[in-house]
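Engineer: These are the residues of each chain, in order.
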Amino acid sequence: MQILRSVLSRLVSTAVTLVGVAVIVFVVIRIVPGDPIAMMLPPGATAEDIARLTALYGLDKSIPEQFLIWAGGVIQGDFGVSITARRPVLDLVLGRLPATLELAIMALVIAVILGGAAAMVATRLRGTRVEAGIDVANGVALSVPDFLWALILILLFGVTWPIFHISGRVTPSLDLPFVTNFYLFESVVRLRFDLWADMVSHMLMPALALAIPLAAIIAQVLKQSLKETMHLDYVTLARTKGYGETRVIAGEALPNAVLPTLTLIGVQFTFLIGGTVIIERLFSYEGLGNMAIDAVINRDLPLIQGIVILFAVIFTVLNLLVDLTYALLNPRLRHG
Amino acid sequence: MADGRSRVRRRAGVRLWLSGGWLVVLVLAAVFAPLLSPHSPLEQDLFLGRMPPFWVDGAEPGYYLGTDSLGRDVLARILYGARVALIVALVAGTLTGLIGSTLGLLAGYLRGWVDVVISRLIDIWMAFPPVLFSILLIAVMGPGLVSIIIAIVVIDWTRFARVVRAEAMAQGAMDYPASAQVAGRTRLSTMVVEILPNVLPTIVVLLTLEMGIAVIVEAILSFVNLSISTDDPTWGGMISEGRASIHQAWWVMVLPLIALFLTVLSFSQFGEGLKDRFDPVLR
Chain H
1 MQILRSVLSR LVSTAVTLVG VAVIVFVVIR IVPGDPIAMM LPPGATAEDI ARLTALYGLD
61 KSIPEQFLIW AGGVIQGDFG VSITARRPVL DLVLGRLPAT LELAIMALVI AVILGGAAAM
121 VATRLRGTRV EAGIDVANGV ALSVPDFLWA LILILLFGVT WPIFHISGRV TPSLDLPFVT
181 NFYLFESVVR LRFDLWADMV SHMLMPALAL AIPLAAIIAQ VLKQSLKETM HLDYVTLART
241 KGYGETRVIA GEALPNAVLP TLTLIGVQFT FLIGGTVIIE RLFSYEGLGN MAIDAVINRD
301 LPLIQGIVIL FAVIFTVLNL LVDLTYALLN PRLRHG
Chain G
1 MADGRSRVRR RAGVRLWLSG GWLVVLVLAA VFAPLLSPHS PLEQDLFLGR MPPFWVDGAE
61 PGYYLGTDSL GRDVLARILY GARVALIVAL VAGTLTGLIG STLGLLAGYL RGWVDVVISR
121 LIDIWMAFPP VLFSILLIAV MGPGLVSIII AIVVIDWTRF ARVVRAEAMA QGAMDYPASA
181 QVAGRTRLST MVVEILPNVL PTIVVLLTLE MGIAVIVEAI LSFVNLSIST DDPTWGGMIS
241 EGRASIHQAW WVMVLPLIAL FLTVLSFSQF GEGLKDRFDP VLR
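Residue numbers (the numbering used here), protein chains in the order written: chain H, 1 to 336; chain G, 1 to 283.
No false leads were mixed into what you were given.
Covered by chain G, per the in silico footprint, the following chain H stretches (three or more residues, Cβ under 8 Å):
(1) 16 to 28
(2) 140 to 150
(3) 274 to 281
(4) 294 to 307
(5) 312 to 318
Lysine to aspartate or glutamate pairs mimicking EDC-like chemistry, simulated, CA-CA at most 20 Å apart:
(6) Lys227/H <-> Asp276/G
(7) Lys275/G <-> Asp135/H
(8) Lys61/H <-> Asp78/H
Think of the hints as simulated: they come from the structure by calculation, not from any bench. Nothing here was measured: the structure is a model prediction, and the numbers come from that model. Each residue gets a CB set at the ideal place from its N, CA and C atoms; glycine is no exception.
Given the sequences, and given the hints that come with them, work out the whole structure.
Structural biologist: Structure follows, in structure tokens:
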């Protein structure tokens, strides 16, 4: 009962948050100077042409009226039509979402591997110079945001040693047999490992830039909770049974130390997704973030709205899932 | 444990000195930029385009860090760019801290409907992708230093509000604020005189971290060409221009990138060092 009630109240508050986001975006982008309609017409357009198109996009009405019309459409799954692409916003946004999700998930996987490995190695070699070195590297990785890591990676692996691609999602001349926009996933399903390798080579640098700060956070928190777990009685017991130190850490301490890290990863993953906006721009990666910046530059109001709402939905749903998982995994909350 | 504690303190000390040292150098460089740089950051000389820095063959005397494609002095542009970065860090950081901490303090100590409203706002704000939000705000307000500062304050106040709210809540639950009220203090004066001093160390740490974030946001915005006018030197703008000519003149991108990296790292390490210093367990 308890859990059901808290789920319901979380759902309601998520809905309120989303409405709040919608209202704020709607108002903010409507005070943008620069007339999107005038921008899409050729210079010779008459005043009547402009007025006609303005009315077509509903931009001649008052802001509250526009909001109600827009919200009414959204409820029916209609997010309006992009002014620059002249296609439904929902199609455009959903077409780009897979690219961003694949990048974000790849970054998450890299962060978990790097961060987890750093924490385990530091715990295994605690008190040595290796641990001190990992701590320092962690501090630097944590202090410098993804934007700077991206520039450094571009310099190192795009310019100095041009090993990886630093622009785009896939080599444009390649023939793509895909029916979905989850290219990376589909290339595996179709056993087209040539395409898979090409895409990984494009995605590795942006994904790594997104992953480095998160890896550092994971390493820090996991190392701390491993340290605490290593002092518990059952770990000592495992040791007296003659288990090797590596097995004690990986097999005994890790499963118990992992819960705080899991909830942390959930929350931090939303920050990582927020970071894709500028990282996609830097690597000319054709995802949502890159489209969003273009939409702002072109004053494509319906498209901006759609993208911001989609980001907000992703963030709030992720946070909701984190809270629910935490409630399910934590017995004190489950029975509270 | 005493041994481990002193090691942590020593490491925090080194961190504070190194990062603080770089920040002091940067402030001095920014203040004395006109004295330090022999050239104006805006002066173009197309005959002296893409001259390398002094340690590379073919350098032009007087242009210590070389020139960009328009023949502008890279050293002068980095120094004047430091002014922009530091102004944004100080002004935007302080304003964000003031507004965010005030809201956090009110929500955490007064609770009730004030807390409901502020917490709800924080939830909504956390659902925005911050970089996109800042680009959107600059598009609305138009490029410029003031717009950048406003955008940072509007977006980042939640960083302070969230943490300060939690701290104020914890402090408010202790005995001493209640005794202060029994002794005749009003709620607001208790908040300012009793609670605020105890939350202040946290605010100072957050403020240092926020300054580093402000520097990065300014760099990101000038990188996507939404900061101040393209002529005025900013590190982000230099990096963006330098990227276009990276194969001909690496120094135009690499040198401001190093300055940006060290500055962001220093603000963050200074904040972390202060955190260790303030931590009562370590003290």
